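If you want my numbering, it's the 1-based position in the sequence shown plus 15.
Honestly, I wouldn't trust all of these hints.
[What the hints assert, rightly or not] Here are the simulated lysine to aspartate or glutamate pairs, EDC-like style, with alpha carbons at most 16 Å apart: (1) K70 with E122; (2) K70 with E150; (3) K70 with D114; (4) K70 with E147.
In short, the hints are calculated from the structure, not lab data. These numbers come from a predicted model, not from an experiment.
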Amino acid sequence: LAAEVPLADMRRHVAPALQRLRQCDLLQRQLLLDPRPGELLVRTVGTGDDAREEKSKHLTGIPRPLVEGVHAFVRRERAAGNRVTHGAAYARAVRESMDAWGRPGGEPVVEAQVRGDRSGTVQFWADVGLVEEFEAFCAAIGYDQSPTFIAALRRFVQHAGAATPGRKGRRK
């Protein structure tokens with residue numbers, strides 16, 4: 016008895032057909048990833064005169080309790096009826112930290128990045144000018160961006176009242 020093979024009469028055409036199907040645009044995903052590591056993605060937000068450009072900022076080694084503190088702040092603000100995004104909270108943390116740096120007692124304690132499962136990755140969109148100013152600020156003070164961002168978040172969480180798990184935050 017001969018074994019029955021489905022589509023036996025089409026065996027020469029099956030592989031090219033599957034190859035064409037695999038190469039079909041419907042089956043491929045297009046990821047919004049930058050093919051050049053280290054360069055930022057840019058998008059335009061708004062239309063007409065209200066249009067502005069934002070850059071994506073990606074930082075690693077951020078302590079999870081700080082990220083959770085920012086998320087708690089955003090939840091609290093939204094519950095109070097305020098429209099706030101996580102990106103806006105991160106941008107606010109960066110802006111306030113850079114503004115406070117020059118004031119007496121405003122210099123944050125910059126620590127090393129956190130490794131392992133106690134750390135997370137943060138990606139947010141911010142105005143192009145703020146991202147470029149933050150990068151220049153980090154270069155001017157001589158610290159890497161992630162540790163400087165950690166210091167900014169720590170300050171923000173403490174001053175905005177976004178209590179981190181296990182700690183009580185202060186409200187102004």
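Hints, verified against the model:
1. K70 with E122: violated, 26 Å
2. K70 with E150: This hinted pair holds, its Cα atoms lying about 12 Å apart.
3. K70 with D114: Given pair K70, D114 is violated - Cα atoms ~20 Å apart, limit 16 Å.
4. K70 with E147: holds, 9 Å
The structure is inconsistent with the numbered hints 1 and 3, although it conforms to all the rest.
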